[in-house]
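**Q** The residues making up each chain are set out below.
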Amino acid sequence: DTAVSQTPKYLVTQMGNDKSIKCEQNLGHDTMYWYKQDSKKFLKIMFSYNNKELIINETVPNRFSPKSPDKAHLNLHINSLELGDSAVYFCASSRIRGNEQFFGPGTRLTVL
Amino acid sequence: DQQVKQNSPSLSVQEGRISILNCDYTNSMFDYFLWYKKYPAEGPTFLISISSIKDKNEDGRFTVFLNKSAKHLSLHIVPSQPGDSAVYFCAASVGSSNTGKLIFGQGTTLQVKP
Chain V
176 DTAVSQTPKY
186 LVTQMGNDKS
196 IKCEQNLGHD
206 TMYWYKQDSK
216 KFLKIMFSYN
226 NKELIINETV
236 PNRFSPKSPD
246 KAHLNLHINS
256 LELGDSAVYF
266 CASSRIRGNE
276 QFFGPGTRLT
286 VL
Chain Z
-18 DQQVKQNSPS
-8 LSVQEGRISI
2 LNCDYTNSMF
12 DYFLWYKKYP
22 AEGPTFLISI
32 SSIKDKNEDG
42 RFTVFLNKSA
52 KHLSLHIVPS
62 QPGDSAVYFC
72 AASVGSSNTG
82 KLIFGQGTTL
92 QVKP
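Chains V and Z, in that order, are what the protein sequence lines are.
Positions 176 to 287 (the working numbering) are the ones given, in order, by the first sequence.
Positions -18 to 95 (the working numbering) are the ones given, in order, by the second sequence.
It is worth saying that the hints were derived from the structure and are not from the lab.
These numbers come from a predicted model, not from an experiment.
A hint or two may mislead.
Under the rule of at most 27 Å between Cα atoms (straight-line distance), these lysine-lysine pairs were calculated in the DSS-like manner [claimed, not checked]:
#1 V:Lys211 with Z:Lys(-14)
#2 V:Lys211 with V:Lys197
#3 V:Lys184 with Z:Lys82
#4 Z:Lys94 with Z:Lys82
#5 Z:Lys35 with Z:Lys94
#6 V:Lys246 with V:Lys227
#7 V:Lys194 with V:Lys215
#8 V:Lys215 with V:Lys246
#9 Z:Lys18 with V:Lys219
#10 V:Lys215 with Z:Lys82
#11 Z:Lys49 with V:Lys219
#12 Z:Lys35 with V:Lys194
#13 V:Lys227 with V:Lys215
#14 V:Lys215 with Z:Lys35
#15 Z:Lys52 with V:Lys219
#16 Z:Lys52 with V:Lys211
#17 Z:Lys(-14) with V:Lys197
#18 V:Lys197 with Z:Lys82
#19 V:Lys246 with Z:Lys(-14)
#20 Z:Lys49 with Z:Lys35
#21 Z:Lys18 with Z:Lys94
#22 V:Lys215 with Z:Lys18
#23 Z:Lys37 with V:Lys215
#24 Z:Lys18 with V:Lys211
#25 V:Lys197 with V:Lys216
#26 Z:Lys94 with V:Lys216
Take a look, some chain Z residues computed to stay more than 10 Å from chain V by CB distance [unchecked claim]:
#27 Lys35
#28 Val68
#29 Pro95
Ideal Cβ positions, reconstructed from N, Cα and C, are used throughout, including at glycine.
Let's have the full structure, built from the sequences with the hints guiding it.
**A** Pasting the structure below:
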């Protein structure tokens, strides 16, 4: 009965590859987010979707593309992976653009 | 431009004592503030929040204080327990923007010693 789940938990891949991270929430929330936590531990928002509509798109490279097939899912696809993409990626959800966000357990991406 | 700053990377307190975690912000448009707690290998979990119309909010052992003139907020944990040992993030948002965008500080690692 996990509220916000992400798969995979760990992802190790080579530079240049394309990979996806999946996120699902069963809280009935309308808004979902992707955050990146870099090596300095900063948590920075990347994207936000509300009912499948993109509402936040921070200055993220075009290689990152979120996909929301329905309001319970927000997947993150990354093309042509680079070393600097290595980080922990967190998915989160909230009521309609509510401030209290519920986070998934994170996906640790390592690019070799 | 780091709009939310937690200047103490770590804090160590004795069990039963008070833990005070601090956070400063620069954007005067922020009107909603939150504290999150994070254990290793887990996602952050919401702890407590405060709106800019208040200067204090209390929930059990946790109290958040907001000083708007100083652009400063703090989280008090009384009494501290070993299970409180975690990384604490403060976050801020412009609620009126209605985007849900949170700006996080870099976190403070709290260690509560038995």
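**Q** Given the hinted pair lysine 215 of chain V and lysine 82 of chain Z, is their alpha-carbon gap at most 27 Å?
**A** Cα-Cα ~20 Å, so holds.
**Q** Does lysine 219 of chain V sit within 27 Å of lysine 49 of chain Z, going by the straight-line distance between their CA atoms?
**A** holds (24 Å)
**Q** Is lysine 18 of chain Z close enough to lysine 219 of chain V, meaning Cα to Cα at most 27 Å?
**A** Holds. Lysine 18 of chain Z to lysine 219 of chain V sits at ~16 Å (cutoff 27 Å).
**Q** Are the Cα positions of lysine 35 of chain Z and lysine 94 of chain Z separated by 27 Å at most?
**A** Answer violated: lysine 35 of chain Z to lysine 94 of chain Z is near 32 Å, above 27 Å.
**Q** Do the alpha carbons of lysine 184 of chain V and lysine 82 of chain Z lie within 27 Å of each other, as the hint requires?
**A** At roughly 24 Å apart (the allowed maximum being 27 Å), lysine 82 of chain Z and lysine 184 of chain V satisfy the hint.
**Q** Could you grab the alpha-carbon distance between lysine 52 of chain Z and lysine 211 of chain V and see if it respects the 27 Å cut-off?
**A** Cα-Cα ~26 Å, so holds.
**Q** Can you confirm whether the C-alpha distance between lysine 211 of chain V and lysine -14 of chain Z stays at or below 27 Å?
**A** At roughly 17 Å apart (the allowed maximum being 27 Å), lysine -14 of chain Z and lysine 211 of chain V satisfy the hint.
**Q** CA of lysine 211 of chain V to CA of lysine 197 of chain V, is that 27 Å or under?
**A** holds (14 Å)
**Q** Check the hint pairing lysine 37 of chain Z with lysine 215 of chain V against an upper bound of 27 Å on the C-alpha distance.
**A** Roughly 30 Å separates the two Cα atoms, so the pair is violated.
**Q** Hinted pair, alpha-carbon criterion (27 Å max): lysine 18 of chain Z, lysine 94 of chain Z. Please report holds or violated.
**A** Measuring from Cα to Cα gives roughly 17 Å; hence the hint holds.
**Q** Say whether it holds or is violated: proline 95 of chain Z keeps its Cβ farther than 10 Å from all Cβ of chain V.
**A** holds (26 Å)
**Q** Quickly compare the C-alpha distance for lysine 227 of chain V and lysine 215 of chain V to 27 Å and report which way the hint goes.
**A** At roughly 31 Å apart (the allowed maximum being 27 Å), lysine 215 of chain V and lysine 227 of chain V break the hint.
Checked against the numbered hints listed earlier, the structure breaks hints 4, 5, 8, 12, 13, 14, 17, 19, 23, 28; every other hint is satisfied.
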